[in-house]
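Undergrad: Chains A, B, C, D, E, F, G and H supply the protein sequences, listed in that same order. First residue of the first sequence? That's 0 in numbering that gives the first Met the number 0, and the numbers climb one at a time after it. First residue of the second sequence? That's 0 in numbering that gives the first Met the number 0, and the numbers climb one at a time after it. First residue of the third sequence? That's 0 in numbering that gives the first Met the number 0, and the numbers climb one at a time after it. First residue of the fourth sequence? That's 0 in numbering that gives the first Met the number 0, and the numbers climb one at a time after it. First residue of the fifth sequence? That's 0 in numbering that gives the first Met the number 0, and the numbers climb one at a time after it. First residue of the sixth sequence? That's 0 in numbering that gives the first Met the number 0, and the numbers climb one at a time after it. First residue of the seventh sequence? That's 0 in numbering that gives the first Met the number 0, and the numbers climb one at a time after it. First residue of the eighth sequence? That's 0 in numbering that gives the first Met the number 0, and the numbers climb one at a time after it.
Be aware that one or more of the hints could be misleading.
[Unchecked claim] Sample of chain H residues facing chain D (criterion: CB under 7 Å; computed from the structure):
hint : residue
1    : Val-32
2    : Ser-60
3    : Pro-61
4    : Val-62
[Stated by the list, open to error] The list that follows gives simulated cross-link-like pairs (lysine to aspartate or glutamate, EDC-like), each with its CA atoms no further than 16 Å apart:
hint : chain 1 : residue 1 : chain 2 : residue 2
5    : D       : Lys-273   : D       : Glu-348
6    : C       : Lys-1     : G       : Glu-29
7    : E       : Lys-3     : B       : Glu-49
8    : C       : Lys-265   : G       : Glu-2
9    : H       : Lys-79    : C       : Asp-219
10   : D       : Lys-275   : D       : Asp-341
11   : G       : Lys-152   : C       : Glu-2
12   : C       : Lys-276   : C       : Asp-245
13   : A       : Lys-72    : F       : Asp-1
14   : D       : Lys-191   : F       : Glu-93
15   : E       : Lys-210   : F       : Glu-160
16   : B       : Lys-2     : E       : Asp-1
17   : C       : Lys-275   : C       : Asp-247
18   : G       : Lys-136   : G       : Glu-2
19   : G       : Lys-85    : C       : Asp-341
20   : D       : Lys-275   : D       : Asp-248
21   : A       : Lys-72    : F       : Glu-9
22   : B       : Lys-72    : E       : Glu-9
23   : A       : Lys-72    : F       : Glu-8
24   : F       : Lys-210   : F       : Glu-93
25   : C       : Lys-191   : E       : Glu-93
Derived by calculation from the structure, the hints in this document are not laboratory data. Computed from a predicted model, the values in this text were never measured in an experiment. For glycine and all other residues, C-beta sits at the position ideal for the given N, C-alpha and C.
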Amino acid sequence: MAKAIGAIVVDVERCKGCQVCRVNCPTMTIGMAEEVNGKGYHYAYMENPENCTGCTNCAVVCPDGVITVYRVKQ
Amino acid sequence: MAKAIGAIVVDVERCKGCQVCRVNCPTMTIGMAEEVNGKGYHYAYMENPENCTGCTNCAVVCPDGVITVYRVKQ
Amino acid sequence: MKEIALMKGNEAVAEAAIRAGVDGYFGYPITPQSEVMEYLMLQRPEERTGMVVLQAESEVASINMVYGAAGTGKKVMTSSSSPGISLMQEGISYIAGAELPCLIVNVVRGGPGLGTIQPSQADYFQSVKGGGHGDYRLIVLAPASVQEMADFVDLGFELAFKYRNPAMILSDGLIGQMMEKVELPPQKERVKEFDQSWVITGKTQDRERNIITSLNLDPDLQYEHNLKLQEKYKSMEQDVMFEKIDCDDADYLLVAYGSSARICQKTVDMARSKGKKIGLLRPKTLDPFPSAELAKMSRRVKAMMAVELSAGQMVEDVRLAVNGKVPVYHYGMVGGKIHSPDDVLSEVEDKFIGGY
Amino acid sequence: MKEIALMKGNEAVAEAAIRAGVDGYFGYPITPQSEVMEYLMLQRPEERTGMVVLQAESEVASINMVYGAAGTGKKVMTSSSSPGISLMQEGISYIAGAELPCLIVNVVRGGPGLGTIQPSQADYFQSVKGGGHGDYRLIVLAPASVQEMADFVDLGFELAFKYRNPAMILSDGLIGQMMEKVELPPQKERVKEFDQSWVITGKTQDRERNIITSLNLDPDLQYEHNLKLQEKYKSMEQDVMFEKIDCDDADYLLVAYGSSARICQKTVDMARSKGKKIGLLRPKTLDPFPSAELAKMSRRVKAMMAVELSAGQMVEDVRLAVNGKVPVYHYGMVGGKIHSPDDVLSEVEDKFIGGY
Amino acid sequence: MDIKQIIKEENQVYRRTPLMTEATLSYCPGCGHGTIHRLIMEVVEEMGIQSDTIGIAPVGCAVIAYDFMDIDMSQAAHGRAPALATGIKRLWPEKYVFTYQGDGDLAAIGTAETIHACNRGENIAIFFVNNGIYGMTGGQMAPTTLEGMKSSTSPYGRNSETMGPPYKITEMVAQLPGTYYVARHAVHKPGPVRKAKKAIRQAFENQKLNKGVSLVEFVSNCNSGWKMTPNDSNIWMEENMFKFYPMGDIKVEGKLVNGD
Amino acid sequence: MDIKQIIKEENQVYRRTPLMTEATLSYCPGCGHGTIHRLIMEVVEEMGIQSDTIGIAPVGCAVIAYDFMDIDMSQAAHGRAPALATGIKRLWPEKYVFTYQGDGDLAAIGTAETIHACNRGENIAIFFVNNGIYGMTGGQMAPTTLEGMKSSTSPYGRNSETMGPPYKITEMVAQLPGTYYVARHAVHKPGPVRKAKKAIRQAFENQKLNKGVSLVEFVSNCNSGWKMTPNDSNIWMEENMFKFYPMGDIKVEGKLVNGD
Amino acid sequence: MTEEIIIAGFGGQGVLSMGKILAYSGIMQEQEVSWMPSYGPEMRGGTANVTVILSDDRVSSPVLQSFDTAILLNQQSMDKFESTLKPGGLMIYDPNGITRHPKRDDIRIFQVEATAEAARMKSPITFNMLVLGAYIKVNPVVDFENVILGLKKSLPQRHHHLIPKNETAISRGMEMVHEAKRTP
Amino acid sequence: MTEEIIIAGFGGQGVLSMGKILAYSGIMQEQEVSWMPSYGPEMRGGTANVTVILSDDRVSSPVLQSFDTAILLNQQSMDKFESTLKPGGLMIYDPNGITRHPKRDDIRIFQVEATAEAARMKSPITFNMLVLGAYIKVNPVVDFENVILGLKKSLPQRHHHLIPKNETAISRGMEMVHEAKRTP
Ligand SMILES: Cc1ncc(C[n+]2csc(CCOP(=O)(O)OP(=O)(O)O)c2C)c(N)n1
Ligand SMILES: Cc1ncc(C[n+]2csc(CCOP(=O)(O)OP(=O)(O)O)c2C)c(N)n1
Ligand code: SF4
Ligand code: SF4
Ligand code: SF4
Ligand code: SF4
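Work the whole structure out from these sequences, hints included.
TA: Printed below as a string of structure tokens:
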């Protein structure tokens, strides 16, 4: 099991649940929440946080720019 | 001296004296009249009628389509 | 048997066009009227009647496609909304100048500029005073229901051909987007015979060539041409159309067309139920305008109020008709907002107060 | 020292533009106003003042170049003639909606359509009632001499910036093509400082970003915006301008602008020399229109006559101003023909006959 | 031989086609517009299609082409001839429809209509007279004006830096799948005239195939705008215009002609 | 490692550029418009040119782009953005000026303005979002709609015979001497996004050289118009749109890139 | 008889088509009808509403400021339209997602738990039919049979297989609707 | 003093520039002036005319129906404008190419053989200056010196070397002009 060196923060209220980040995450970190946000969207979240490498792929493809990415330098 | 086998008729009143026919006649048949027509143009005429071969070159380039060409079949 | 449907105004225009035997529609998408072309495309009109429907590259192109095609004597039309209609002004002036029949549908939205897509009646001036250059006039029809959206297609063509003049249906987003019950007209055949006195379908031996043009380099000819146009415009007055609602005993008169007329109709009901003698005159033709009728009414009523979704456009024609005989007020909303029957009622009570 | 020149009206516009410190001219050739751009190009304005002059691919492009450039706070203008101005109607509506200052010169020719290139005043409605869509208004100036063609350039920009509204010089082929003595204004510096409250010159740290738009998807905002526009238009009335010639003791009044006013001036002289008390009111601004002054005059004169090179357009505004107080006649020529002072005189004698 | 014996009905080898009307052409002396008009009418005559031909006159010097061609015609708004032609041809697919347009008309204000009619592959003929200038309005710069060439709006010569370089719209539309035949010709000399006529014929014949637009460009003179005598303008044209606008077929039977 | 230890200011490797405003984007979920907006703003941020940048918003879904980009902007009339940009850039040659346009805007109604701005070589950047449809007005056919593709005005699929084939305006303007840089990109995956951003940067950098138009086309999705989920639309796009609109540089430093 | 109805909710809830079925039902019983939607891009992901009028006489204004019935399907709609009901008017709403319940005591208020029921039925698309059923139960302006006829008319042929399902949902809605308990 | 003049002839005869020089001459002596040409494509190879007004007061209408002076340089102009002269007015014309001479007896009529003289001088471009000379001789509304000043003003710098030649032509025209013999 991978050791997380990255993490994302999703601006939940701005997420539109389009899932573009999810399919573009190379480590399958992202899942969609069961619950909906204020606009009725199932928002993205780190389903498998341990996988995240902080590669920023999800953030750069997010059309709404709602993902912030962190990575620890090793 | 050439023997005329062709001839042209210029519709004098419609001729605009542009001289395009004159320079395109391969046999230098055409000259421009001293006199002017009703619109004030020095019209084209057969200056050297004996040269005309009836090749129609003058007529096809005349922008105002004022030349009729005749040629005797030999 | 009557054919009844529930349709949007825009769809009614499209269905009526097919049934009127229209030969060609050329248009470009714009809200709130894109349903016209969408409905047509869905109907495969080339199979239903052989009608041609083409999406042009712009409104400038569509009106000029109409201009070209109208010269052949066929029934052709376009539709658009305010900004698109502005782009057509040069073409419309040409078509009027060349005296060609055609139909232009304007489903007005709020302006100026890109504005809003909500309903408005602020293109009245453009339609009846000539948004294009020169002294021309259109035939302008103002439908107040989905039924009239359908009916005025045929009527528009009839008048357009009668006068060889472009006709316009001046509607708005409200009438275009709402659905109502509509009785559909029967299918007409597309016309196969053309009046060879003016159409360009190819010069045959038995006639002189025909020319469609709005140009006269000789100002004397252009002058004559304009005089002829003015006479024609005058003669169009015989086809003025309007509806009078509760006018017979009215002390006060509302004047409104299209969606505003619908709203005022309710205001009249409300006022009457309060015992106030209000009537409504609804022009169905804005050009020709029912000036004579208004002049007549001005001898009987105490005041008039023009109600329109604009800052005050038709009101000028009401004032010109009345010529100072009675006060003429204006009430209107601007920029895509719509007045409710209650809004109009309180304005009526405010302005016509002296009467009650 | 006064700088005097003999110039065509079109050239005067161009020279005045350079001297007014105009930053950009965008245009497309059309008779009878092509001299404007030709004169500019010949003057190498990029060397004289740094002014940019660009021949666009069409009138649609020119008005939109003006729209873009006007948003930066610079002084920009275009010129054209009737068909070209019709093509600009969408752009003009946008510019008005976005509240941008700019100058549009229309050297009117006879319409409708391609019409003729001879002078006409049949674009009055288009200019003052809005040829484009929506409830907007232009500032419309009507020069009656080559001097005013020059003077109104600067005046037009002054008013355009005062109200952040497009201004139009409504001239015609007669004023554009004739030469007269003109006193040229001194050279103004091109403006280097811009009102950062609205211009788009790049968002700096010390201010919020600026946005130029005519769009409000929210109808409430568009409503507010329109109300604001209407208030602005009302406030423009303070800048109404007109000239009164022989009005003090006049029994009858001619109302005419631009070239028609010049013609009427001679008619007044001719009538006066026959002992007839005719006066002339010449609007210099058509929008705002001198309605208040006409209303005032209507209490004193016996009748009025609007004289214009059209089938009757400005006459409606005269009638609206007078509101039935006195008869208002119309006399005009259509389609590019020009009435002579004698023509007007005989019409005056015919219509005002009761008075003499 | 005596001239009187030559000038006889039976010896006539060339006469103006009766499809040109009696009206005197409004063009300046030596202007190529007249020749192009006549060639089009000769083709219509030879094909016997007068009763099925509809022409569109532009805004430009040829604005009253309908006064000279004895066929049904419509005048168009500036630049919009391809839109008019589209409207007509769509409703009358069996007719021959052509536009006649100048360079200002076709390549400036009418760019969108030209390109989209070509892209849609309207089954029409476009005759495009490129004289490098706006003739009608008094010699202003056109999109096709050569670099350095003087006009009334480029009085010091066209400066490509500020005014853009000349625009070869013909080569551009040839790239579109909707064009079937694209060629460039001239009418200043007998040889070119004869070739130009063949191209016009081709453009009409192609309409029977229903395969898209046929566009023939004519590089022509505008002696008034260029301020030259007709013959000087033709020489200048050969030496300058032809270099930038080379003669010949550009696309034939829907295929681009490569090389030269 | 504990997430809390990762999520710290100093470890931040990606955040939305502050040049994107706080306003929620008006685009549908998964629409590429948002990504393209953000990339443009990232470039403006990185180049530090906010105070010298002027953008033009089109008529189309991006009509209120000015609500999202924290720069001075003007909204344009439909199709006329290149004309507005010309007007601005001519008067402010030292500023960075860009247009943002959809395919209906740029390649239908705006064809003439696009081509002539490109031909004149205006020193501007044009960002062209090709989603094969009119998004804003409800999914009508665009000039770029693929053959057979359904839209609300081609409900049975685009028929090239009657509606014309899809129009590759980008390749066309690349032929004009006035374009300096022309490229086609996409933003549906991280790799393409990074390339697309480089192209945007290039387009801005080029304005320093004063050598003409830089046009970057983005082939993008319109899941609402196409009636697909965002990810399905991206797959459909790769499989269909990219075939007809291939990715990559088309013209670099004023020279056409040949081959593929 | 004239019945003036506003139906409002989220874009995806089938508000417009519910209004359309209602209008068609009116036509089936020879009434005059009008259906006036909110339209435009502000609807994208936002709210949608439609005014439906059923009348025995010609319909005058399609634009209204006050209504006989309000069918409200989210909080925004509740906030916007509660006050527009005429005194004595009828409100029907789905309590799902509603945090601020109606306050007026001069109207009749009914609830239908359509969201929950649609989820239970695993058929989210029948949501609006549940609501429609609730309405025609409380106010039978249109007969059940005419609603079914209206439904048929408004569905394209290829969707006619869905009619039984919708019919069931309408009936279910008629059963479920109940007067709202007043919170004092 | 107000002098209203029509000058008319062929396009190439320098009608417009003659009018312009006249107008400039008026300015040189502090007068108000107007110059109103016919314009447009109908001029191509056709006729041209210009109305010039010189006045001590503001010029009112630039468009006139009758004139104090008519300078007519071809037959068409003669046909068109003879009748527009005010009684007592002045006509100057070049008899070259004129087949129908003026008939009116309530005006003063002068001739100047300018075409012939210009040909003699081998200087066709001075044609209009000969005519101008004739006019200012018969009606000295503008002084000779002011005409020369006007000429300078209206010619671009690069053509100033032509001024002496033009001056000579004006003087020659002044000498040549003579009253027309009436044909009874
Ligand atoms: C909308 C509009 N803009 C401008 C004009 C003026 N105009 C008439 S002809 C013309 C250009 C003619 O040039 P071209 O098309 O090259 O034809 P040519 O005269 O050279 O044969 C222009 C700009 C017009 N009539 N309408
Ligand atoms: C003159 C004019 N015509 C039509 C419209 C309507 N309209 C708005 S956006 C649009 C097309 C949008 O499509 P596109 O440019 O491809 O951008 P997208 O919405 O797909 O991003 C149209 C036709 C308009 N506003 N103005
Ligand atoms: S080419 Fe024709 S018009 Fe020209 S000179 Fe010869 S005959 Fe006359
Ligand atoms: S027919 Fe031939 S030879 Fe005779 S004049 Fe004409 S060009 Fe010359
Ligand atoms: S202006 Fe030029 S194009 Fe026009 S007729 Fe004269 S020479 Fe021909
Ligand atoms: S309609 Fe299409 S282009 Fe517009 S925002 Fe939605 S997905 Fe994007």
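Undergrad: Taking the numbered hints from earlier one at a time, note which ones the structure violates and give those numbers from smallest to largest.
TA: Checked against the structure, no hint fails, so every one of them is satisfied.
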